[in-house]
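Can you make the complete structure from the sequences, with help from the hints?
From first to last, the protein sequence lines are chains G and P.
Residue numbers are given in the numbering used here: position 111 of the first sequence equals residue 741, and the series is strictly consecutive.
Residue numbers are given in the numbering used here: position 301 of the second sequence equals residue 931, and the series is strictly consecutive.
Some clues are possibly wrong.
Any copy, or any two copies together, can satisfy a pair, since identical chains are not distinguished.
Claimed, not checked - The list that follows gives simulated cross-link-like pairs (lysine to any residue, SDA-like), each with its CA atoms no further than 25 Å apart:
1. 839 to 899
2. 963 to 945
3. 963 to 768
4. 1024 to 1037
5. 963 to 950
6. 931 to 966
7. 963 to 944
No lab work stands behind these hints: they were computed from the structure.
What follows is the residue order along each chain.
2 protein chains.
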Amino acid sequence: MRLKHDEKGRLLFTRCSGDGSYLNYLQLPLLLMRSFIIKGHTGGSREISMFHFKCTSKFRKSLVKIPDPKLLLHKPQAMPQCEFLTLNLTHYPKIADLRSGYLSKNQDVIDEAQRVHANVLGDLLERFSYAILFDLADYENKGDPAIAMGELQFLKRLGIQLLYYCKTSACSDKNVENAFLKFKDVSSAEMVVLLQGGGNMFSYESLDKIRESVITRFQDHTIVIFPQSIWLRYADYKLDYYRQMYNSHPDLTLLVRDQESYAIGEQMLPSAKVILCPDMAFQIGLVAFFAPASFDILWLKREDSETTGYVIPRPPPYLSLHVEDWTNWITPKTDTMEHIFHLTLNGLLFLQRGKVVITDRLHGHILSTLLGIPHVILDNNYGKVFNYHNSWTKGLETVRTARTAEQALAKAEELLSSYGGACQKNSMTFCDYNENLSQICK
Amino acid sequence: MRLKHDEKGRLLFTRCSGDGSYLNYLQLPLLLMRSFIIKGHTGGSREISMFHFKCTSKFRKSLVKIPDPKLLLHKPQAMPQCEFLTLNLTHYPKIADLRSGYLSKNQDVIDEAQRVHANVLGDLLERFSYAILFDLADYENKGDPAIAMGELQFLKRLGIQLLYYCKTSACSDKNVENAFLKFKDVSSAEMVVLLQGGGNMFSYESLDKIRESVITRFQDHTIVIFPQSIWLRYADYKLDYYRQMYNSHPDLTLLVRDQESYAIGEQMLPSAKVILCPDMAFQIGLVAFFAPASFDILWLKREDSETTGYVIPRPPPYLSLHVEDWTNWITPKTDTMEHIFHLTLNGLLFLQRGKVVITDRLHGHILSTLLGIPHVILDNNYGKVFNYHNSWTKGLETVRTARTAEQALAKAEELLSSYGGACQKNSMTFCDYNENLSQICK
Chain G
631 MRLKHDEKGR LLFTRCSGDG SYLNYLQLPL LLMRSFIIKG HTGGSREISM FHFKCTSKFR
691 KSLVKIPDPK LLLHKPQAMP QCEFLTLNLT HYPKIADLRS GYLSKNQDVI DEAQRVHANV
751 LGDLLERFSY AILFDLADYE NKGDPAIAMG ELQFLKRLGI QLLYYCKTSA CSDKNVENAF
811 LKFKDVSSAE MVVLLQGGGN MFSYESLDKI RESVITRFQD HTIVIFPQSI WLRYADYKLD
871 YYRQMYNSHP DLTLLVRDQE SYAIGEQMLP SAKVILCPDM AFQIGLVAFF APASFDILWL
931 KREDSETTGY VIPRPPPYLS LHVEDWTNWI TPKTDTMEHI FHLTLNGLLF LQRGKVVITD
991 RLHGHILSTL LGIPHVILDN NYGKVFNYHN SWTKGLETVR TARTAEQALA KAEELLSSYG
1051 GACQKNSMTF CDYNENLSQI CK
Chain P
631 MRLKHDEKGR LLFTRCSGDG SYLNYLQLPL LLMRSFIIKG HTGGSREISM FHFKCTSKFR
691 KSLVKIPDPK LLLHKPQAMP QCEFLTLNLT HYPKIADLRS GYLSKNQDVI DEAQRVHANV
751 LGDLLERFSY AILFDLADYE NKGDPAIAMG ELQFLKRLGI QLLYYCKTSA CSDKNVENAF
811 LKFKDVSSAE MVVLLQGGGN MFSYESLDKI RESVITRFQD HTIVIFPQSI WLRYADYKLD
871 YYRQMYNSHP DLTLLVRDQE SYAIGEQMLP SAKVILCPDM AFQIGLVAFF APASFDILWL
931 KREDSETTGY VIPRPPPYLS LHVEDWTNWI TPKTDTMEHI FHLTLNGLLF LQRGKVVITD
991 RLHGHILSTL LGIPHVILDN NYGKVFNYHN SWTKGLETVR TARTAEQALA KAEELLSSYG
1051 GACQKNSMTF CDYNENLSQI CK
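Right under this line is the structure:
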């Protein structure tokens, strides 16, 4: 029994400093917390589930308004918010986003994401003592390392011991085979095999190949793919090849980050469990500023194959605008796992350079949400950013969507006048020095 | 009149966010603060000096113990601490360090450094409305950008408008000449010429050459060199050349960071004012952690011409030790002044990788002090680190000195068991993941 309880039966988790603290997902708004009394507490035995709570009549009254009743495939009626909070979402694989979109505060959206992680992934993983994790992103697209950091954070919180990990750059067939040989004696009842989340299923073949290697090799183990977005980018023959590959595994769960990906996944992978689940970077939680803004508007503009190819409009002369992709914002390299943290930190720093952010990168949106930076999102080429927003973050009060670059700039200027007038608080101050000086000797 | 007062006559300074806050050096321990009633308040006129305070009899009783009476050249008697706080230190150029070494808390040492800055540099610079600043360090030796950041911070606090700056990499003779031509019409009563501090007088010729260029060109302006350490590294003929060059200016002030440099400066530069003053990086103030530790001990080991050439001892197997110089920890490059901030931030990140730090770099010591990381210092080849420590930081309770690398490691281990057992608080957690895993596929 890994889970610990305090004297009132509430769950504790062990932080790395060794002191007991309550699970983050319990830090919901105070009113909701009162309904979080754990059912079926039988003195610390394994039967206690951390994901089912007593629902009082008082909280039945706060209804979740369901925009489309068809969403609730398994419970097709309006549902009290509190009842929703009691559901084991692995049994309701399409409705995990039911509450999140109604939340307007960053902290609440983050808490809800962590609650759903604990609910869905907790249910899937809690029975395992050990995990091995392939394809931890160690490259400069800061969103992927942020996901990796969230995954590691979550495993730590759940108390699952990581026996082995493999950074993307090191996940060769040979190393997958080495890992298999090294841990083949750990039983499939004790060890789960995990694959990094992201936005690269059926679209970035080097990563589908890593998954192929793992799925083919670990046929006897439960495999869970952390939350993904699906982009059907390949030609039909190749789609078919990987579809069959994924369907070949007897115990594969694919978590997906949006309804569009859910629909595709459910259709293409009938052999797999497909479950809606928010992006793992939300495990990082709310992040305190550690740097002041250098620009009024920081435009994180993707320069990869997912760009929609828009042109940056000319800003008004009174606005300082900086446009850059963060893949060129290079992080000091180390050969330990701290590199993944530093990549993430560098992404968080990159975004703090703007009082307001405009971005067409999903993790420009997600990390800005963790930081509390007001921002405008543009979609990528296949709808990933807006699909995510539609499921999880559409209620956020400091986020705007834009269809064109001109609209994005106009909305960013509105956000700037509403929220962006001051230096970032609680950080070292170094503002106003950047563009206003006569730096004649560059 | 740039200085602003509140309704009680206390000084305000304008933060970049635009709200009024009290000067940092007023944030001394509460007891001391009570004696900080400003003398001679005459309704906001320019005669009000910010650096003289009323001294009550109560506080006369808290004597500063003076280790060597000869230190007090101009006031050769034991002095009440409160009376020391009332001195205009530009008139007592050798005793600015009288109080700092008795302070045991990081916050107090930082406050005292900022108080002395305000006292000494405030007195020197307060009459100027404008400044130009040469040789702002934009290279990867993180201590120098940290000094630059402190200088900019201080000018901002004093309300002096920076008309022009020149990063080290851009301070060519031509650019010094350009700056002169551009600002020659700003009167010497209004504009001061400033030169970056550091540890490079009479030792790093490219920087002495920049100063030569500025000093030769700006003969009619007041020039102040921010706090330096002096290392007489050149052959005699070259020392003599630069000595004459510095003495050629009619209004040059050289601030020095330790008593050794004071003695050399006073002897070699009779034409200049030489005044003791702490390192400008202390203007950054106390820094909150933004990253967790990756190692038990981070050894920031200098690999430049100032190393003493020691060999790293083998650590006990239960300790994780990482040895690295921070000049190879490369910062993402931008062409605006934010680069100086990012270089500093990267230095602060580098140090946070250790629960405890060992270093022979002066700004390993100073930035660890700003962060509150317990650390052990070794000296550099010419005594710069220990000389600084002797003047300003020798009372700090979480700092140890070591004469050998073996001693440093042993003392670091002691600090670790006293202070270093937990994750850094208030930062994202990511610890325990670095070295403890079987990462068989590097």
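Residue 839 and residue 899: within-copy, between-copy, both or neither at 25 Å Cα: within (17 Å within a copy, 70 Å between copies)
Homomeric proximity label, residue 963 with residue 945: Cα distance no greater than 25 Å: between (35 Å within a copy, 23 Å between copies)
Homomeric proximity label, residue 963 with residue 768: Cα distance no greater than 25 Å: The answer is both: 10 Å in one copy and 20 Å across copies each meet 25 Å.
Intra/inter-copy verdict for residue 931 and residue 966 if alpha-carbon distance must be at most 25 Å: between (29 Å within a copy, 19 Å between copies)
Residue 963 and residue 944: within-copy, between-copy, both or neither at 25 Å Cα: between (36 Å within a copy, 24 Å between copies)
Identical-chain pair category, residue 1024 with residue 1037, by Cα at 25 Å: within (18 Å within a copy, 58 Å between copies)
Identical-chain pair category, residue 963 with residue 950, by Cα at 25 Å: Between. Shortest inter-copy distance 18 Å satisfies the 25 Å Cα cut-off; intra-copy 31 Å does not.
Of the numbered hints given earlier, the model fails none.
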